[in-house]
Structure formats: structure tokens, C-alpha cells
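Engineer: Sequence:
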Amino acid sequence: ASTYAVSAIRDSSTSDNEMVLIDKERQWQYKHLLELQMNNNISNNSL
Numbered sequence: 001a002s003t004y005a006v007s008a009i010r011d012s013s014t015s016d017n018e019m020v021l022i023d024k025e026r027q028w029q030y031k032h033l034l035e036l037q038m039n040n041n042i043s044n045n046s047l
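Residue numbers (this note's numbering): 1 to 47.
Simulated from the structure, these hints should not be mistaken for laboratory data.
For every residue, glycine included, the Cβ atom is placed at its ideal position computed from N, Cα and C.
Errors might be hidden in some of the hints.
[Claimed, not checked] Each pair of labels, with its calculated beta carbon distance range:
{"no.": "1", "residue 1": "Arg26", "residue 2": "Tyr4", "range": "17 to 25 Å"}
{"no.": "2", "residue 1": "Gln29", "residue 2": "Thr3", "range": "17 to 25 Å"}
{"no.": "3", "residue 1": "Lys31", "residue 2": "Thr3", "range": "19 to 27 Å"}
{"no.": "4", "residue 1": "Ser12", "residue 2": "Asn45", "range": "40 to 48 Å"}
Start from the sequences, fold in the hints, and give me the full structure.
Structural biologist: Quick look at the structure:
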């Protein structure tokens, strides 16, 4: 419940432009994580 409250406060005080930037950063981090996992799987399979 406290996490929800903090998120609600943050979301209400964040501009639309900031939310777009945050979303783009999240997408980049997720894509990068998937690439790292895929590269790790490839290198482990080649051993």
C-alpha cells in the first residue's frame, strides 16, 4: 500500500513529458537486458 501511495504522488507530480522520457528509458533498459541475456545464452551454449 505504501508503494502505491508513493507511486500515486510521483505520478501526479510528474509532467507528461517526463513520463514519456521515463517510459523510453524503461523500454531501453528492458531491451538492453534482453540483449544481455541472449548474448549470455549464446556464449554459454558455445562452451
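Engineer: State for each hint whether it applies.
Structural biologist: Comparing the hints with the structure gives:
no., hint, result
1, Arg26 with Tyr4: 17 to 25 Å, "holds (18 Å)"
2, Gln29 with Thr3: 17 to 25 Å, "holds (19 Å)"
3, Lys31 with Thr3: 19 to 27 Å, "holds (25 Å)"
4, Ser12 with Asn45: 40 to 48 Å, "holds (47 Å)"
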